[in-house]
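Trainee: Sequence:
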Amino acid sequence: MAIINLKQTGLIIGIAILFAFFAYFTIEAIYPSPKYEDFCTNQNYREPTPAKIGTSVNCTDAWSSKEVQQCNTNKGAPEFKQDKNGCDVFDKCNYCGKDYDEYNNKYQRNVFIITAIIGIIAIIFGLYFGIEFMAGGFLFGGIITLAYSTIRYFSMGNVDNWLRVIVLFIEILILIWI
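Numbering-wise, our numbering puts 36 at position 24 of the sequence shown, and it's gapless, one number per residue.
These are calculated hints, taken from the structure and not from any lab test.
Derived DSSO-like pairs: lysine-lysine, alpha-carbon spacing no greater than 27 Å straight-line:
hint, residue 1, residue 2
1, K110, K78
2, K118, K47
3, K93, K78
4, K110, K47
5, K118, K87
6, K87, K47
7, K104, K87
8, K104, K78
9, K47, K104
10, K93, K110
11, K104, K93
12, K78, K96
13, K87, K110
None of the values given here were measured: they were computed from a predicted structure.
Please model the complete structure; the sequences and the hints are all you need to start from.
Mentor: As structure tokens, this is what we get:
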């Protein structure tokens with residue numbers, strides 16, 4: 013009888029882990045995560061170059077301009093060009109990183125919602141499925157999926173501390189209610 017329990021325990025653990033992997037890789041295949049390169053080209057942003065020693069041109073510090081400060085305040089990346097004297101001057105503010113972060117935060121929220129729903133469905137399925145060891149696998153797989161989705165969203169998304177507390181409280185209530 014101990015061998016059967018060991019087999020069932022192994023199957024429960026295997027189903028739980030593989031279910032969580034299956035859920036995440038299916039979501040990634042259907043709804044792929046954003047890539048930084050899709051928002052920002054691979055061009056090398058030129059840093060301002062220092063003025064050459066021995067020249068009579070008086071260049072001002074390009075980083076101290078109001079435009080650069082405003083660009084940094086707005087979470088952009090300042091880009092520079094050289095004027096006719098060879099001095100670096102502000103050209104434009106590139107917001108590709110900010111756009112990526114905004115899209116990634118929405119993506120992480122959406123994946124959290126999808127995986128939380130999948131996890132809750134797996135938990136419910138595990139509670140009512142007739143074959144006990146398979147039911148345990150889906151139950152624990154749902155809990156793992158729910159826990160991992162929460163950890164992933166909290167670590168990758170821009171989530172307020174109070175929202176974290178509320179989400180965790182709701183998840184606890186769902187597990188108690190089910």
